[in-house]
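Student: Each chain is listed here by its residues.
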Amino acid sequence: MILEMKNIVKVYDRVVANKNVSITLEKGEILAIVGENGAGKSTLMKILYGLERPNSGEIYINGKKQVFRNPSDAMKQGIGMVQQHFMLFDTMTVTENIIYNNEISKGVFLDIDANRKKVRELSKRYMLEVDPDKLVKDCPVGVQQRIEILKILHQNADILIFDEPSSVLTPIEVDELLKTMKRLSNMGKSIILITHKLGEVMEVADRIVVMRDGEVVAEKRREETSIEELSYFMIGRQTTSPVIKDLEPCKEVLSVKNLSKVDESGKKLLGNINISVRGGEIVGIAGVSGNGQSELIKCITGLDTDYTGKIEVCGINVTNKGVGFIRKAGLAHIPEDRYYWGSAKEATIAENVLMGDENTERFSKKGLLNFREIRKHVYRIVENYGVKVSFLAQKMKELSGGNAQKLIVAREIEKKTPFLVACEPTRGIDVGAMEFIHEKLIEKRNNGGGILLISSELSEILKLSDRIYVIYEGRIEHEFTNKNLDSRKLGFLMLGGKTA
Amino acid sequence: MLFSIDYIATIINSTIRMMSPLLYASLAAAICAKADIFNLSMEGAMLVSAFFSIVVNYFTKSVVLSILAGVMASVLVSACVGFFVLKLKASPVVVGLAINNTVAGATTYLLYIIFNTRGVFTHPSLVGIPKIRLPFIEKTAVLSTIFSGLTLLDYMSFVIAILVYLFFYKTVIGYRIRAIGINSEAARSLGTPVEKYQFLTISFSGILCGFAGCLLSMGSVRLFIENITAGRGYIAMAANHLGKSHPIGVLFASLFFGCCQALGNFLQNTSLKTQITSSIPYVATILALIVFTVQKRYAKQKKMLEVFNKDAASS
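Protein chains in written order, with the working numbering: chain A, 1 to 500; chain B, 1 to 315.
In case anyone wonders, no lab produced these hints; they're calculated from the structure. All values derive from a computational prediction rather than experimental measurement. One should not assume that every hint holds.
25 Å max Cα-Cα, derived DSS-like pairs, lysine-lysine [unchecked claim]:
1. B:170 - A:397
2. A:137 - B:303
3. A:321 - A:310
4. A:179 - A:124
5. A:267 - B:196
6. A:268 - B:296
7. B:300 - A:310
8. B:296 - A:397
9. A:321 - B:296
10. A:106 - B:302
11. B:244 - A:106
12. B:303 - A:321
13. A:134 - B:273
14. B:300 - A:268
15. A:257 - B:303
16. B:244 - A:137
17. A:395 - B:196
18. B:303 - A:310
19. A:268 - B:196
20. A:134 - B:300
21. B:196 - A:76
22. B:196 - A:117
23. B:89 - A:345
24. A:137 - B:89
25. B:87 - A:267
26. A:134 - B:303
27. B:303 - A:268
28. B:170 - A:267
29. A:321 - B:302
30. A:345 - B:87
31. B:300 - A:137
32. A:118 - B:170
33. A:137 - B:296
34. B:302 - A:310
35. A:46 - B:196
36. A:64 - A:76
Make the full structure from the sequences, and use the hints.
Tutor: Shown next, in the form of structure tokens:
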């Protein structure tokens, strides 16, 4: 046994995040820890990596008791973590990122050639291909993750923690990552995989620990369990699939004509995009992320006004107009990044729900906020959408990812606009919250709203959309109605394949 | 007559002398920016150095001790800022402004207490920093004008600019500090004592500001005037911005601002009002920043047009 965590207890202000959690890890084993958001799996890993200290409980590495006060302590004992949000220096080269803190030097000077050689060796040994001289910001996300993995391997880590590693990756990159994890475990590295994607778990894990509400509720070997059983343990009930009724689409709520955009360095980001969305339908945009989806959204929602072409929302010309104007025309927007665009982390829940509506007659009079009405509204939203909050003045950043996302979805749907742009509405959240958000989106459609859905999860697009556009390298050349669709053909087009 | 070679040589000489204190201060701003510290206390650090170097100069008549005192005072002030900003997590803007104002007030007050005078203090017994004479240059009249009256500290500013460059881009510690500036959270997660490195950086910036202060009070002149720095600390921040925090870029930016100050001084001898001439360096700062931004935007637009044209031609 290379690692044992025994009876870990961690209590935050109001919540018990870990109640007597014990796990073990063998050499060369892949252990998956699954659970919904807020189940306590991140807390457990933070304790193992020295970012948090437990209230009680012990950690043994190779049978010896250890106390980790900070990440350096954990690193010294051979523990490395690939964080969900990469910790990289993006204007530095790949080499400079990997060698940090373990540099080869000549006197006081950095020996860049020797370091580069070392990175090449490492990359060859673990079959993780990188270009040592490239700047990190020019590397795709999958490669950036490879750099993170190489970085902890360079620190001689034997226990590798992967925290939600696939949440930012494209399907091909995920395959690549799973292969890498298997290869590393065959080379004798022990791996802990934190995730809620059960498909991936069933593919790579040797053993699976399920956590719910801070406790371990099940521990299974992969052979003796199934996705259905695991998800039952995770959320404590059976999952259901939504009913989508047939609707006749009505008025056009979005029309984009000949939209093009070029970036500073002269690269073409969007080329002649033509799409339309009608009321009563969900239109999906399928594509590997980084193919222009973010740029398209920014143009449609007014976050970016620097483009050519014509955009109409609900029949009003909003070309090159800003966010305020477009929202007034009838747009609501669930942004891609729930913290960067979607909410203010330091503001309270009530303030976050109010955002965008603070100037309406309902919530303010003559520039003074009507707190009674605001509280009523926020309370109703929190109740109806099942957002787990302690009190309304709680800060946004204290909510778990799934709850924060639910709150943003609630805010945008409750604006009851004819048109909604939903970007990655369920990215990085658990099955329960995902189902709920899907239901709400379908409900909005059934009530006659038009939704443009952008998601890097093809399954999500296929499940919800009436119509699907495929985006590839900033161009949309294919359109399908979602009936008897061949998902393999769709995947082929997403990678730039041409139909005969 | 106005544009004789001699006249130009004198302007160049004046430019170098105006530039070197600015270069020190801009380098101080640049290393702080590289380490992700927002430091606007260069003004205060220079002022305190200028003051204490003159005080020690008056009592000891030793240039070395004066410079040492100036540098130490400046390091102390910078370390104070570091303590407030890095350890106590105070707002860097508030701390910077507070320090600058406190130093301005304290030097004025101490000037009165120690020398019983207001505004300006000078004394025949004060010793300036020795001028360096380069025999091989003095043979040519023009060159000797250009390099006349320069001190060791003036020459050293250029050397230090190059040393700072080597430190940041070639050494291990420099590389780590740059990394902190790019993503301090990532550096922390790898076990780097971020605040320690930042504290050392801001303290070192104090040494540079110390040299700048000594040059102001004991370089070309030997006196202390209230607010002798006259906003050079803020101009240094602009120079840092213009030079993109790169030591060599900052060198050229300081050259530009030094030149503006020299021109301002020379035009005082013409019929122009002093209020106008003395505002030249500051107006130049604003203009330079505007031109810098506009030019950046223009370059971007040009690139976009190129692509569209290429597209139109190909389709």
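Student: A separate judgement is required for each hint: does it hold in the structure or not?
Tutor: How the hints compare with the structure:
Among the hinted pairs, residue 170 of chain B with residue 397 of chain A is inconsistent with the structure: their alpha-carbon atoms are about 40 Å apart, more than 25 Å. Taking the CA atoms of residue 137 of chain A and residue 303 of chain B, the gap is about 21 Å. The hint holds against a cut of 25 Å. The suggested pairing of residue 321 of chain A with residue 310 of chain A holds, with an alpha-carbon distance near 11 Å, which does not exceed 25 Å. Between the alpha carbons of residue 179 of chain A and residue 124 of chain A the distance comes to roughly 15 Å, so the proposed pair stays at or under 25 Å and holds.
A hinted pair counts as satisfied when its Cα atoms are at most 25 Å apart, and residue 267 of chain A with residue 196 of chain B does not qualify at roughly 41 Å. Of the pairs offered as hints, the one joining residue 268 of chain A and residue 296 of chain B holds, with about 20 Å between alpha carbons and a cut-off of 25 Å not exceeded. Proximity of residue 300 of chain B to residue 310 of chain A is assessed by CA-CA distance (about 22 Å); at most 25 Å being required, the pair is judged to hold. For the proposed pair residue 296 of chain B and residue 397 of chain A, the alpha carbon gap of about 36 Å is over 25 Å, so the pair is violated.
Restraint check: the Cα-Cα separation between residue 321 of chain A and residue 296 of chain B comes to about 24 Å, which is no more than 25 Å; the hinted pair holds. With a C-alpha separation of about 44 Å, the suggested pair residue 106 of chain A and residue 302 of chain B falls outside the 25 Å cut-off, and the hint is violated. For the hint pairing residue 244 of chain B with residue 106 of chain A, the CA-to-CA distance comes to about 28 Å; that exceeds 25 Å, so the pair is violated. For the suggested pair residue 303 of chain B and residue 321 of chain A, the alpha carbons sit about 23 Å apart, so the restraint of at most 25 Å is met.
Restraint check: the Cα-Cα separation between residue 134 of chain A and residue 273 of chain B comes to about 55 Å, which exceeds 25 Å; the hinted pair is violated. Under the criterion of a C-alpha separation no larger than 25 Å, the hint pairing residue 300 of chain B with residue 268 of chain A is consistent with the structure, at around 13 Å. Only pairs whose Cα atoms come within 25 Å are accepted, and residue 257 of chain A paired with residue 303 of chain B is accepted, the gap being roughly 23 Å. Distance check on the hinted pair: residue 244 of chain B and residue 137 of chain A sit about 19 Å apart at the alpha-carbon level, within 25 Å; holds.
With a C-alpha separation of about 31 Å, the suggested pairing of residue 395 of chain A with residue 196 of chain B is violated against the 25 Å cut-off. Restraint check: the Cα-Cα separation between residue 303 of chain B and residue 310 of chain A comes to about 22 Å, which is no more than 25 Å; the hinted pair holds. Distance restraint check for residue 268 of chain A and residue 196 of chain B: the Cα-Cα separation of roughly 44 Å exceeds the 25 Å cut-off, and the hinted pair is therefore not satisfied. A C-alpha spacing of about 23 Å is found between residue 134 of chain A and residue 300 of chain B, which places the hinted pair at or below 25 Å, so the restraint holds.
A distance of roughly 21 Å separates the Cα atoms of residue 196 of chain B and residue 76 of chain A; the hinted pair therefore holds under the 25 Å criterion. Only pairs whose Cα atoms come within 25 Å are accepted, and residue 196 of chain B paired with residue 117 of chain A is rejected, the gap being roughly 31 Å. Note on residue 89 of chain B and residue 345 of chain A: the hinted pairing holds, with a Cα-Cα distance of about 19 Å set against a maximum of 25 Å. Restraint check: the Cα-Cα separation between residue 137 of chain A and residue 89 of chain B comes to about 30 Å, which exceeds 25 Å; the hinted pair is violated.
Between residue 87 of chain B and residue 267 of chain A, the direct Cα distance comes to roughly 44 Å. Violation of the 25 Å bound is thereby established for this hinted pair. Taking the CA atoms of residue 134 of chain A and residue 303 of chain B, the gap is about 23 Å. The hint holds against a cut of 25 Å. Pair hint residue 303 of chain B plus residue 268 of chain A holds up; C-alpha atoms about 11 Å apart against a cutoff of 25 Å. Of the supplied pair hints, the one linking residue 170 of chain B and residue 267 of chain A is violated, its CA atoms being roughly 33 Å apart against a limit of 25 Å.
The hinted pair formed by residue 321 of chain A and residue 302 of chain B meets the criterion: a straight-line CA distance of about 23 Å does not exceed 25 Å. Restraint check for residue 345 of chain A and residue 87 of chain B: satisfied, since their Cα atoms lie roughly 24 Å apart, inside the 25 Å limit. Taken as a hint, the residue 300 of chain B and residue 137 of chain A pair is honoured in the structure, with Cα atoms around 19 Å apart against an allowance of 25 Å. As the CA atoms of residue 118 of chain A and residue 170 of chain B are separated by approximately 18 Å, the hinted pair is consistent with the 25 Å bound.
Using a Cα cut-off of 25 Å, the hinted pair residue 137 of chain A and residue 296 of chain B holds, with the two alpha carbons roughly 21 Å apart. A threshold of 25 Å between alpha carbons decides the hint, and for residue 302 of chain B with residue 310 of chain A the separation of about 22 Å falls inside it, so the pair holds. Using a Cα cut-off of 25 Å, the hinted pair residue 46 of chain A and residue 196 of chain B holds, with the two alpha carbons roughly 24 Å apart. Restraint check for residue 64 of chain A and residue 76 of chain A: the C-alpha separation of about 14 Å stays at or below 25 Å, so the hint holds.
Hints 1, 5, 8, 10, 11, 13, 17, 19, 22, 24, 25, 28 from the list above are not met by this structure, while the remaining hints are.
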